[in-house]
Amino acid sequence: MTEQAGPESGGVPGDAGAPQPGEREARGPGGLGRVPPGRGVKGGSPPFAGGASPRGDGDTALLSVRDLVQEFIVRERGGGKAGVVQAVSGVSFDVMSGETLGIVGETGSGKSTLARAILQAPRPKSGSVVFRGTELTNLRGGRLLQARRHMQFVFQDPFGSLDPKWKVRSIIDEPLIAYRAGGREARRKRVNELLDLVGLDPARYAGRHPRELSGGQAQRVAIARAVALEPSLIICDEAVSSLDVLIQAQVLNLFEKLRGELGLSYLFIAHDLALVKQVSDRVAVMYLGKLCEVGQGEAVYRRPLHPYTKALLDSIPSTEPGAGRATATIEGEPPSPINPPSGCRFRTRCPLATDLCAAEEPLPRELAPGHVVACHFPLMPGTSVITPAASSGVRQA
Amino acid sequence: MTDALLQVDDLRVTFAVGGREVRAVDGISFTVSPGATLAIIGESGSGKTVSCRAIMGLLPTGTAIGGSARLRGTELLGLSDAELRRYRGSDLAMVFQDPARSLNPTMRVGLQITEAITTHRATRGGRQSKREAQQQAIELLRLVRIPAAERRFHEYPHQLSGGMRQRVMIAMALACRPKLLIADEATTALDVTTQAQIMELLLELQEELGMALIMISHDLGLAASYADEVIVMYAGKIVEQAPAAGLFGAGGAVRMRYTRALLDAIPHLERPAHTLLPVVTGRPPDPTALPPGCSFAPRCQYAEDDCRAKVPALAEHVPGHRWACWHPCENGAAPHD
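Heads up: the sequence lines are chains H and Z, in that order.
Numbering that gives the first Met the number 0 puts the first residue of the first sequence at 0, with every later residue one more than the last.
Numbering that gives the first Met the number 0 puts the first residue of the second sequence at 0, with every later residue one more than the last.
Don't take each hint at face value.
Said to hold, decoys possible - Chain Z regions said to be covered by chain H (calculated; three or more residues, Cβ under 8 Å):
no., stretch
1, 6-13
2, 46-57
3, 159-171
4, 266-272
What the hints assert, rightly or not - When the alpha-carbon atoms are kept at most 20 Å apart in a straight line, the in silico SDA-like pairs for lysine to any residue are as follows:
no., chain 1, residue 1, chain 2, residue 2
5, H, Lys256, Z, Thr274
6, H, Lys256, H, Arg189
7, H, Lys256, Z, Pro271
8, Z, Lys129, Z, Gln111
9, H, Lys256, Z, Gln111
10, H, Lys188, H, Tyr178
11, H, Lys256, Z, Leu276
12, H, Lys256, Z, Val278
13, H, Lys256, Z, Lys129
14, H, Lys256, Z, Pro104
15, H, Lys256, H, His149
16, H, Lys256, Z, Leu275
Claimed, not checked - Non-contacting residues of chain H with respect to chain Z, defined by C-beta distances greater than 10 Å in every case (computed):
no., residue
17, Leu144
18, Ile176
19, Ala185
20, Gly206
21, Gln249
22, Asn338
FYI, nobody ran anything at the bench for these hints, they're computed from the structure.
Ideal placement from N, C-alpha and C gives every residue a C-beta, glycine not left out.
Put together the whole structure using the sequences plus the hints.
Shown next as structure tokens:
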């Protein structure tokens, strides 16, 4: 797929530019479940490509990311090269049409860099990003803009992404003008529709400036702008993290509503595991630039295979009185992405790490259908489930 | 007097903004016993931070503060800065949300801690050699479990991670072994694994030093997991107050509709994907124009005429459990069953 340039037109899913099922099969080694520890299949893409079952039955991915690498050079005071930040190191996954893929990771895990690399801003160092059948990494200028039209972003800080001098109407109108979507009157109607869609009364809000909005309202405007061009994929980077919990619930419900009404797919990036679980079909866990576990949300949360996923789950405060006192979590903090640890990047904090983990990088293995982990010593299903501390989100209700 | 460490009675804080009165804190009362952990929960603007800043004497001059806050019988409100300095640090200390902004970026962290130690010693009339203070600072860094404390002593804040910086802030706050530590969203900016580490550290230190802790947070989960007592604030008032075990878990029952809404809005792991969250519409009221009745009534789906007419008083309906609601949840049941 890497060699496959997109079709001239910008592409429609399922057209000639889309990868054929046969090719996909050849690339994604399926049932790798029986590979002995540490001996993954070298070469070829890791089976983090997901979709799991949809693979091979003619379903194509809306977004296909393969071996994506993003690095930044850190310079010394004199301008000499001091090191290379390995922000994203060979990440592969698929987002199927209508699917929400959640990516969860801590600060510095590279999740935001990954999102930006998909958007080609800045361009990734290597790897492939195929969106609606079009390879984005070798497109430029107008062609890239056209291809990206159906992929929109919602960021954490709505005030940072809305021009303070513009009125709400102009903010939402801008992408419509940029992509020449209709005349003045048609666009006016469209902006009103969009405001209605995100639950803001056009008569009250279209004439306001961002400073006259609350955080939740501003995020709704950012969402209206994101869906203005009828995208098929929205990438949310911590899109509700700065909102109070009641407002956060309103915005999450709005995302769900739009998913149903507009048939959207989401790449939902956040540090909050419970939040990601709530909105996602599949969840990918990222640590220090690499994916360590991908699977159906329920499977990842109920039967985490990677020790890091387990540690994250154990760290969530639950609504159980005194549960915090029982919390057992991992020590230390993620190491620097400049010169990351050899082998498994989590090994320096992993309670199960051995010499093998330092010597050899664990390759992704599919241990259950659609549930892939990159670990030499995965937690076997049944031995380790969510601890009472983390699962007792159940309240007296 | 009483055995309470901190006793707050009818605390009121009013700001004047553009000629209008903003009642940020509207008559709250609570006590903290020695060694206990109290969580104050609320959304932005609920008054949780302002009330603690009022107690610490950290509000801008010109703010109208009423009521009383007594630390082991001594009234704190109305003390001059110089008088307050005798209590701050040694009896009361505070840790804030953003450690990066609370630390001086141009000063080595060790010196900042040393400074805290010597300043407080000086106010208390004691004298101490610089060497002793430095030794003590290194011990404090060890106390907050910073590895390689001697090396970290000489580093600048930018060389430390967020979690490490927060540990340094805690070390400074603990410099004079306070009896009460106020942690204002101290773990909010941290990752979940780091948050768990810092909370664990605070609990251990609390036990080691016999210190009481007030955690200010927006996170009910954090309160449930770590606090003995929980206060929920809305629009400047306490709307529910109970021991954590009286609110959460199998034996608990949330009564106030707002607390219930907060609890229901938290995404949690047991819900299947794509379930819609029970939604409360609207936003907290404008503090310059509070509604005449219950402040939550305009957003509450159970509100009736009496809610909009009269303010419900915070009353102890069950021993130890107070709430302010005309139509409370029956046995804490979820509104959607």
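Results for each hint:
With 0 residues bearing a CB less than 8 Å from a CB of chain H, the stretch 6-13 of chain Z misses the requirement of three and the coverage assertion fails. As drawn, the stretch 46-57 of chain Z meets chain H at 0 residues by the rule of a beta-carbon pair under 8 Å; below three, the given contact is violated. Coverage of the stretch 159-171 of chain Z by chain H holds [criterion: at least 3 residues with CB-CB distance below 8 Å; count 4]. Under the rule that three or more residues need a Cβ within less than 8 Å of chain H, the assignment of the stretch 266-272 of chain Z holds, with 7 such residues.
The hinted pair formed by Lys256 of chain H and Thr274 of chain Z meets the criterion: a straight-line CA distance of about 11 Å does not exceed 20 Å. Taking the CA atoms of Lys256 of chain H and Arg189 of chain H, the gap is near 18 Å; set against the 20 Å cutoff, the hint holds. A C-alpha spacing of about 16 Å is found between Lys256 of chain H and Pro271 of chain Z, which places the hinted pair at or below 20 Å, so the restraint holds. A threshold of 20 Å between alpha carbons decides the hint, and for Lys129 of chain Z with Gln111 of chain Z the separation of about 13 Å falls inside it, so the pair holds.
Taken as a hint, the Lys256 of chain H and Gln111 of chain Z pair is broken in the structure, with Cα atoms around 51 Å apart against an allowance of 20 Å. Using a Cα cut-off of 20 Å, the hinted pair Lys188 of chain H and Tyr178 of chain H holds, with the two alpha carbons roughly 16 Å apart. Between Lys256 of chain H and Leu276 of chain Z, the direct Cα distance comes to roughly 12 Å. Compliance with the 20 Å bound is thereby established for this hinted pair. The suggested pairing of Lys256 of chain H with Val278 of chain Z holds, with an alpha-carbon distance near 13 Å, which does not exceed 20 Å.
Between Lys256 of chain H and Lys129 of chain Z the CA atoms are separated by roughly 63 Å; this puts the pair beyond 20 Å, and the hint is violated. Distance check on the hinted pair: Lys256 of chain H and Pro104 of chain Z sit about 45 Å apart at the alpha-carbon level, beyond 20 Å; violated. In summary, the hint linking Lys256 of chain H to His149 of chain H is supported, as the alpha carbons are separated by about 18 Å, within the 20 Å threshold. In summary, the hint linking Lys256 of chain H to Leu275 of chain Z is supported, as the alpha carbons are separated by about 9 Å, within the 20 Å threshold.
For Leu144 of chain H, the requirement that its beta carbon stay farther than 10 Å from each beta carbon of chain Z is met, with the minimum near 32 Å. Taking the minimum C-beta to C-beta distance to chain Z, about 31 Å, the non-interface status of Ile176 of chain H holds against the 10 Å cut. Distance check on Ala185 of chain H: its Cβ is at least 31 Å (rounded) from any Cβ of chain Z, clearing the 10 Å threshold; non-interface status holds. Interface exclusion of Gly206 of chain H from chain Z stands, the closest Cβ pair being 19 Å apart, more than 10 Å.
Once the 10 Å rule is applied to beta carbons, Gln249 of chain H is inconsistent with being away from chain Z; the minimum gap is 6 Å. Every CB of chain Z lies more than 10 Å from the CB of Asn338 of chain H, the least distance being 16 Å, so the non-interface label holds.
The structure fails hints 1, 2, 9, 13, 14, 21 (numbered hints given earlier, in ascending order).
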